[in-house]
Amino acid sequence: MSSLILSRRDLEFLLHEWLEVETLTKRPRFAEHSRETFDAVMELAEQIATEHFAPHNRKADENEPRFVDGRVQMIPEVAQALAVFVESGIMAGTFDEEYGGMQLPQTVGQAAFAWFKAANVGTSSYPFLTMGNARLLLAHGSQEQKDTYVRPMLEGRWFGTMALSEPQAGSSLADITTRAEPQEDGTYRLVGNKMWISAGDHELTENIVHLVLAKIPGGPPGVKGISLFVVPKFLVTADGSIGERNDVVLAGLNHKMGYRGTTNTLLNFGEGVHTPGGRAGAVGYLVGEPHRGLSYMFHMMNEARIGVGMGATVLGYTGYLHALDYARTRTQGRPATGRDPSSPMVRLVDHPDVRRMLLAAKSYAQGGLALGLYCARLVDEERTAESQEERDRAHLLLDTLTPIAKAWPSQWGPVADDLAIQVHGGYGYTRDYPVEQFYRDNRLNPIHEGTNGIQALDLLGRKVTVHGGAGLALLAETIRATTARAAGTPFADLAADVDAALTRLVSVTGTLWGTGDPALALANASAYLDAAGHTVVGWLWLEQALATREETSDFHEGKRAAARYFQRWELPKVHTWLDLLESLDRTVLDTPDAHL
Amino acid sequence: MNIVVLVKQVPDSGTQRSLDPSDNTVARAAADNVINEIDEYAIEEALQVKEAQGGEVTILTVGPASATDAIRKALSMGADRAVHVQDDAIHGSCAIQTSGVLAAALQQLEYDLVLMGATSTDGQVAVMPALLAERLGIPQLSGAQKLTVEGSTVKVERQTDGGFWALEAPLPAIVSTWDTINEPRYPSFKGIMAAKKKPVETKSLADLGVDPSSVGLATATSAVVDVTGRPPKGEGVKVTDEGDGAEKLVGFLAEQKLV
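Line order of the protein sequences matches chains A and B.
Just add 39 to the spot in the first sequence (first one is 1) and you have our numbering.
Just add 24 to the spot in the second sequence (first one is 1) and you have our numbering.
Next comes chain B alone, as it looks inside the complex (with noise of 0.2 Å):
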């Protein structure tokens, strides 16, 4: 069982993030980069299927050099193995772009199954599984709250704001999760060491045969064409209680709809 986990390295969305004012796109350089939160469960997905059937766990990741951090703690927590596809010319790439980028990776890449979380924190569109399976004509069974490999048949329950749908495809597939799935291990000392001796190859566009200029901020399908702030937060109402406080409290979040 060959499983490619698709990982992305995003500001940490703890912090402060903000947009590079030059371009809009999303400000790297300064932030705190970590994996996106919810990729760390399709990794432990990943190692999980491979513990029980065996095979191999490859990471994909496409972005500047600093993701290498985020390639490294993947393999810290048990893959085997990682792609990194770095390439300037992509910078500001729309995610369509971008699945062109992956599928050609993938296309290089043997896989029966290729996990990623459901959506990142920073683009936030939620659309690459789809748009991926569309690209290696591949099924695609997306936000997965459970899955399992049965022989060449992958099933998943995907999670629904009322219950869950049973799901099956033929491998290979694509699958996304949801953070409801697991529960991502930590790195162990041990895999931090085995880390550094794990094979990690990197990419160019030239490498992977794509075209330079079907990518980057130039002819990307979308871009942030302006951005505001959010506005500050307002002064805020004082309820005065002169014996009627709770009136005024609820009459102030009825005023609001809150109640």
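In isolation and in its complexed conformation, chain A is listed as follows (with noise of 0.2 Å):
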């Protein structure tokens, strides 16, 4: 049988058929690697996603982590599997073979990540933070930070948190309150609360890096008075190993609808609970200059947000093959033009609407991980090809991309599970089956990660307005590359239906920002999101459908119909935002809080 968790083939055709991920074996980063490596990394991350990560999915979420005398307790499954996880090697998949990595095309390695997150979201995250927290040090940290940390963090020894939100101060982060003092040798010691912290505490590994959002006394107001700090749970000693407890301690944990296998913690930081150094405060080391720190750490909140969207992609991806599995099995009612009650009862998935939902689940899926993956690959781009022009344009692109990469799939990737449960019908509300647990699962995408408000704001306040509009003129001139590629192909409609949505998301932009109100231009900047947003999956459903060429397997004859689906069912609905945009509607803006 088939894979319920993820399609192989699909992966198979976005890497290969599609993104041609083997062309980049030309370039020197990734000369060692072949097709045949990315299949034994893909064969063993599939692997291992079913055989230790799935099999507990459900029981991490009826047995969710407990705080227990200042401790926390969980299943030992989670354990069992990370340790599987870091035996392979997964961990520094992507990273430089210098420290123990295998230098493996962004794009695989997310393709790769993708089975641990659809398989089991819950257990997947602590190496998700773990790699993103790594990242950030190898980009920004001294060479004594990333000697430290980052070698014991690929070789999952230890693993990584980003502590950014406070109890008073989550999506506003200019309010945040924990302070670093400033000591004699150097270190900083940190007093404050951060809530939200995923993984925050556990006992999977014998140390835990807290990379934190802290103000230095003294310093510019706001987002500029930011600095970053390393806040090992234990200090490290000189030859590396184990040394003191550090003043970081859990306060509590947080109990959530979804992603229950992963421990949300509130942690408090210097309150004496220990004393290293003899002393209360918790010992911070800080990362690159002082004030910084946002910027830092948004280097790591680009990538993750990509993470998060493909998080969100692949929990409606498996939802949408469950729902597709049990369509196919499940018999129930006679066709609408013959009612004949002697006459067998037909499967779910020759009635029409259902048809129809698992369309929607499937353009929705399908397009999510297209749009994660190309996303991947400006990853790629951005950091090896071969001219500086090229890495810059994969750079703007990939800036103006990632508020869609992260808030698409996530807006999508919950609609697609709701629509599995309403495929199994009744069932799918009971907890006998598994699509209930993915939906309550992935409705934290829209939130974490910056909220989906967020991601709006950034969108159409920053990413298409800065540099003169140069991220929307590039990603315009790009999506504007396959269109006239569509040019006498079957799907020249299409394209022309992906042009019309953009000429006119350009235009409504110029309008937006031409009324000199950026109070209104971004009051309904939602609505600007979902516009871009479809309008960009609209581009790589085109993409996917020229790229199935003359094959005629159903597969390829799948991609076109969930093409075609789109094209009908979801592009027009481009329009009804950019109405509501172009009329420059004041309804949300001039609502007062007592008519709500």
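Keep in mind the hints are simulated off the structure, nothing from the lab.
Predicted model only: the values in this text are computed from it and were never measured.
For glycine and all other residues, C-beta sits at the position ideal for the given N, C-alpha and C.
Heads up, some of the hints might be wrong.
Unchecked claim - One side of the interface only, derived from the structure: several residues of chain B facing chain A at Cβ under 7 Å:
| hint | residue |
| --- | --- |
| 1 | S100 |
| 2 | Y210 |
| 3 | P211 |
| 4 | S212 |
| 5 | F213 |
| 6 | K214 |
| 7 | I216 |
| 8 | M217 |
To be verified - Calculated cross-link-like contacts (lysine-lysine; reagent style DSSO-like; alpha-carbon spacing at most 27 Å):
| hint | chain 1 | residue 1 | chain 2 | residue 2 |
| --- | --- | --- | --- | --- |
| 9 | A | K65 | B | K222 |
| 10 | A | K65 | B | K220 |
| 11 | B | K257 | B | K281 |
| 12 | B | K281 | B | K262 |
| 13 | B | K221 | A | K65 |
| 14 | A | K98 | A | K295 |
| 15 | A | K185 | B | K214 |
| 16 | B | K221 | B | K74 |
| 17 | B | K74 | B | K220 |
| 18 | B | K170 | B | K74 |
| 19 | B | K257 | B | K272 |
| 20 | B | K179 | B | K74 |
| 21 | B | K222 | B | K74 |
| 22 | A | K65 | B | K214 |
| 23 | B | K262 | B | K272 |
Two chains, two frames, some hints: make the complex.
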């Protein structure tokens, strides 16, 4: 039976028939690789995800981590699965050989990691955060910090976190109050509380490396006064071994709707529970320069945002596969045109409305996967393209697409799971079937790593306007290159629809900013994000349709069918959103609190 | 300690498998081909013996070009080198013919121990250890659930329905393993990269000195002459509960001799 976690065939299509990742092996960084190593990595990821991550997905959901005597207790399967994961070397896969990695392209790395997220998003969070943490330190940490913290993390001996939010400041990082007092020896002592810290405490590894945002007293106000610190749970001695317990402690666990296998914590820093060096205060080490912490953190956040989008997509994907399997086996009712009660019942999938739901879920899941892997391909281009100009273009395009790559799958992945529940009917609403968990797990994704509202403001308020609108112009140019390529193909009409949506998106962007009223322009930003997201994914469906070439297998026909579905049912929505935006509607802006 | 592990690539037993209608041989071209699952246990056992005693693990396979994937996987688990016997004339060979090819290949290798899975999921004849032991004139210890090498002696526990037999033989010997013997490791990323650089020697029948007319479907000692698909599932029996549902169910089970 084919996997219900993800589709190996679709990943092969996206990686090889569409993105042609094997061409990357011509570049020096990936020269040791070949189709063979990519296939072996994908096979290994599928196998470990299937055999060690998926089996305890439900159990972890039903037995969320508990806070007992100041410590975290969780089911043993999480540690066992992560031990296999670590042993395989996947953690370091995309990293430099110098740090024990295998310099795998990011595109293949993301595709491989997708198996773990789809199989068990809770357990996969621990390595996901660790890889982001390590990448940030490699980009901005000192050599000593790289040597001390990155290697143990990539070896899976220590895990990492990112600690940004506080109880009173989540989306509004300018208002964080955790302070970092400079010490004579060059270290800092941190005091404050951090909230919603995923993987913030556990006993899966011998140490936890927190990357913490805090303010150095006397610095500039707001986000320009935020610095970044490494705060390990245990201090590290000169020879790299575990030393004193640092003054960062678990204050409590949050009890969540989904993602329950991942501990989500309130952490107290510097309250004197532990006294490293004989006194209270969490010892922290400044990363990079003072007051530049947020920009460093965004380095990690941008990658994390694409990762969150991938997570949302693949949770929707596994929901879609479960619904498809159920609809193909469960018989129910008779065709609308033939209600003879003595005739045998038909399968769910034989009902057109069920097929509509499956096509919708497929178009969201596979569209989102294409978006995530396209962005990963841009990361590879940004790092390894031959000319500086190509690298700069990839960087700008990726930067423009990042809020969409995070928010679009977070919006539509849960809709795919919602439809998966609907296809299951009453059974889907019970805990006897897994689709309700996928939905609950996925519901986090529009919230964390920058809410979708924040992403909308980022896209409309920043990404499409900076550098004189260069990001939007480059996106438009890139999309038009595809639509031009579609001329004379069976998808010329889809290309025309994508072109029309794009042209209007660009024009409405001008209308919004032409008002000279940022409050008005940004008030309806979420509709803008929806319109831009659907335009981009419509383009990526065109890309996929073109990549099917002359192939006639059910798989390739299925790609074309989903592209058609997206064209007919989804792309027209762009114009509804743009109508609203173009009218400069003030409903939201002008409705006072008392009228809500 | 030189160990040769016999590895076969087979269609994934978890997927729909079929025979080629033209000659009733296993349809491999369109199948999702994988390492015969139980062979992974033999590879793991070989690696454990090597890790304990040193030496080299060689993978030996007979199969079409696609069998390279199975070889790569074995090498990425940690085997050192491989020999791939590949010759179109072998297509359709029976177990006896194939054992001749494997024996010829083994005679060109240095080995103290030959390990293999107890059976393959495609042919399921489970006679290869015995055939090779006969051809090579060395002992075979089949069905091992435990293996130890002490000096020039190999000791195994042969799994049986009621317990196990303790067997031993002088090296060189052939041992076939069950899936109770260990837990095969996964390839690691490092192993995957290292596998690319490990030597894989491809040999033809001519290289092995095997007469092509002694193998292949035309001279096979056994062949599939006819095949019938599994009958479709019947409608089943519907039991309507009219207050006597439990009795009806028990009656049905008794009728089927299930209770």
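Structure-based check of each hint:
1. With 7 Å as the threshold, the beta carbon of B:S100 comes within range of chain A, its nearest partner Cβ sitting at about 6 Å, so the hint holds.
2. With 7 Å as the threshold, the beta carbon of B:Y210 comes within range of chain A, its nearest partner Cβ sitting at about 5 Å, so the hint holds.
3. For the restraint placing B:P211 at the interface with chain A, the shortest Cβ-Cβ distance is roughly 6 Å, inside the 7 Å limit, so the hint holds.
4. Annotation: interface hint on B:S212 holds; nearest CB of chain A at approximately 5 Å, less than 7 Å.
5. With a cut of 7 Å, the hint placing B:F213 at the interface with chain A holds, because the nearest CB-to-CB distance is about 3 Å.
6. The beta carbon of B:K214 is positioned within 7 Å of a beta carbon in chain A (closest approach about 6 Å), and the interface hint is therefore held.
7. With a cut of 7 Å, the hint placing B:I216 at the interface with chain A holds, because the nearest CB-to-CB distance is about 4 Å.
8. Nearest Cβ of chain A to the Cβ of B:M217: about 5 Å, under the 7 Å cut. The hint holds.
9. For the hint linking A:K65 to B:K222, the alpha-carbon distance of about 21 Å falls within 27 Å, and the restraint holds.
10. Proposed proximity of A:K65 and B:K220 is supported: the alpha carbons are some 16 Å apart, at most 27 Å.
11. As the CA atoms of B:K257 and B:K281 are separated by approximately 19 Å, the hinted pair is consistent with the 27 Å bound.
12. A distance of roughly 18 Å separates the Cα atoms of B:K281 and B:K262; the hinted pair therefore holds under the 27 Å criterion.
13. Of the supplied pair hints, the one linking B:K221 and A:K65 holds, its CA atoms being roughly 18 Å apart against a limit of 27 Å.
14. At most 27 Å may separate the alpha-carbon atoms for a hinted pair to count; A:K98 and A:K295 meet this at roughly 15 Å.
15. Simply put, A:K185 and B:K214 have alpha-carbon atoms about 21 Å apart, close enough for the 27 Å limit, and the pair holds.
16. A threshold of 27 Å between alpha carbons decides the hint, and for B:K221 with B:K74 the separation of about 20 Å falls inside it, so the pair holds.
17. A hinted pair counts as satisfied when its Cα atoms are at most 27 Å apart, and B:K74 with B:K220 qualifies at roughly 21 Å.
18. For the hint linking B:K170 to B:K74, the alpha-carbon distance of about 15 Å falls within 27 Å, and the restraint holds.
19. Restraint check for B:K257 and B:K272: the C-alpha separation of about 22 Å stays at or below 27 Å, so the hint holds.
20. Between B:K179 and B:K74, the direct Cα distance comes to roughly 16 Å. Compliance with the 27 Å bound is thereby established for this hinted pair.
21. Restraint check: the Cα-Cα separation between B:K222 and B:K74 comes to about 17 Å, which is no more than 27 Å; the hinted pair holds.
22. About 20 Å separates the Cα atoms of A:K65 and B:K214, which keeps this hinted pair within 27 Å; it holds.
23. Simply put, B:K262 and B:K272 have alpha-carbon atoms about 10 Å apart, close enough for the 27 Å limit, and the pair holds.
Against the hints set out earlier in the document, no violation occurs for any number.
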